[in-house]
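Model the full structure from these sequences, guided by the hints.
Number of protein chains: 2
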Amino acid sequence: MIDFYLNETESELKKLFSEKKALYPDKLFSAMEYSVFSAGKRVRPYLMLLSAEFCGVDCKKIMPLAVSLELIHTYSLIHDDLPCMDDDDFRRGKTSCHKAFGEALALLAGDALLNLAFENMFEAVKNNPELGLAASYVAKCAGAEGMIGGQAIEFSNDEFDEALITELCMKKTGALICAAALAPAYVCSDRKKFNCLGTFASAMGLCFQLKDDLLDEKKCEPKSYLGVMGKEHTEKTVAKLGELALKALEPFDDADNLRDLCAFLLNRNK
Amino acid sequence: MIDFYLNETESELKKLFSEKKALYPDKLFSAMEYSVFSAGKRVRPYLMLLSAEFCGVDCKKIMPLAVSLELIHTYSLIHDDLPCMDDDDFRRGKTSCHKAFGEALALLAGDALLNLAFENMFEAVKNNPELGLAASYVAKCAGAEGMIGGQAIEFSNDEFDEALITELCMKKTGALICAAALAPAYVCSDRKKFNCLGTFASAMGLCFQLKDDLLDEKKCEPKSYLGVMGKEHTEKTVAKLGELALKALEPFDDADNLRDLCAFLLNRNK
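If you're matching them up, the sequences are chains A and B in order. This note's numbering numbers the first residue of the first sequence as 1 and each following residue consecutively. This note's numbering numbers the first residue of the second sequence as 1001 and each following residue consecutively.
Keep in mind that the hints were calculated from the coordinates and are not lab data. One should not assume that every hint holds.
[Claimed, not checked] Cβ pair distances, simulated, as ranges:
id, chain 1, residue 1, chain 2, residue 2, range
1, A, K99, B, G1227, 25 to 33 Å
2, B, G1102, A, K270, 42 to 50 Å
3, B, H1233, A, D88, 39 to 47 Å
4, B, D1058, A, L23, 55 to 63 Å
5, A, D88, B, A1239, 49 to 57 Å
6, B, N1007, A, L215, 49 to 57 Å
7, B, E1019, A, P222, 30 to 38 Å
8, B, P1083, A, K270, 28 to 36 Å
9, A, K236, B, A1100, 27 to 35 Å
10, B, E1019, A, R268, 37 to 45 Å
11, A, A100, B, S1038, 33 to 41 Å
12, B, K1094, A, F194, 42 to 50 Å
13, B, A1100, A, E235, 38 to 46 Å
14, B, A1100, A, G198, 34 to 42 Å
Beta carbons: idealized from backbone N, C-alpha and C, even for Gly.
See below:
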């Protein structure tokens, strides 16, 4: 991965948090900060910045949306870890937010991160009205049609077939990957790149989740693609989706960084 | 209260939900709908519409923000009722959301309502860019500087003095009242009305919470203004704040509806 984009993301997140520190109640701020700065891979903002580069959208302009996407991802992990959801005591090798700060603060830290993501996007749209459509798309991907919808499918069904488990993954994980890849395409007006990024993102989003399942094979959850479809089928699907994603990029000479990210996500071992 | 504004709010909320029904997972949608349509008084959208009238802002234009404010208020109640927060089994005489749908779905319904509020505001700003500042202000009031900050103060402190309990109330309840009253003032450009509505809203926001405490005296919570300051002091403060709110409106002949709302909120008995 390209250090420049990762460093920029990190420093923008740090800047945002240093601006807010004095304005938020101490413990709430600490719980938010604890979860945002906890060795996340920053895959979603990274993908958004690569997609922006591909679309000819200035990195600085799209950055507030990239940062917001990471805040949304982080809030979803905090809420997912709560006892009434997955009840996980650990996240990325650290104590999960509610174990460190208590359930009430963790719930509120999640709420506050989602809210901050949107505050941040409103601010960005105020300064750059041409980000409006992109921000609106990110909001839709994060909500009940997208990520939250996927979480709800997980917690309101007991039986899964291929269609339902695929929908769950496409929404719960895929929606924010689509937000990352497509938001910049909403800013530029290149219809061809927009369409290709759409196919690329849908394939990569699902692929990313299935790869995660395979890497955490020991934990094989019954409500995962791996749990429902088995190892062999999951491995085949990952390979097929990877090919599909790369095929979508084929017409473009200037998509090498996206191709590299695709290879990185497919070949990662953690 | 003026039926027209209440009916418009109700029908906009219904329209929004009927548009979303087919797009959301069934149970998630039901949990969201259950909580939004449960005999809420719609004080916040109502205040926003009265304030818009006072500011000369078209009711139809501000409506998406009014509706969003009610969605934000509703999500905060769902999360507040969860076992890790206030652990309330009832809300407005009905079973609370997590008792009716389970904790996971209730948590997600709250998240989804917050998200939908922002989606709805982005949509509105796209159609009417002059709503940008107002939407941005609503977002700030809802977040860790405002309402969520107030909830966090409640759950991260055990000892309260007058300053801290006042800050809690001003943020937890007052922030959304300020959002309602001031959002329209961000759309019009009447500096005098903006300032007067600022004073009015700060006084009314606190007053509204203290009146609530007094109406629910039997339940007197230790982390309430009433619990910390006692009945006599609370009653005096309510009266003082009511006067302050009305005084702020004094220079204006066209503020009768706001004056009526103020009287209604002060004299209500539930």
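Hint check results:
no., hint, verdict
1, A:K99 x B:G1227: 25 to 33 Å, "holds (30 Å)"
2, B:G1102 x A:K270: 42 to 50 Å, "violated (33 Å)"
3, B:H1233 x A:D88: 39 to 47 Å, "holds (45 Å)"
4, B:D1058 x A:L23: 55 to 63 Å, "violated (33 Å)"
5, A:D88 x B:A1239: 49 to 57 Å, "holds (50 Å)"
6, B:N1007 x A:L215: 49 to 57 Å, "holds (54 Å)"
7, B:E1019 x A:P222: 30 to 38 Å, "holds (34 Å)"
8, B:P1083 x A:K270: 28 to 36 Å, "holds (35 Å)"
9, A:K236 x B:A1100: 27 to 35 Å, "violated (42 Å)"
10, B:E1019 x A:R268: 37 to 45 Å, "holds (40 Å)"
11, A:A100 x B:S1038: 33 to 41 Å, "holds (34 Å)"
12, B:K1094 x A:F194: 42 to 50 Å, "holds (45 Å)"
13, B:A1100 x A:E235: 38 to 46 Å, "holds (41 Å)"
14, B:A1100 x A:G198: 34 to 42 Å, "holds (38 Å)"
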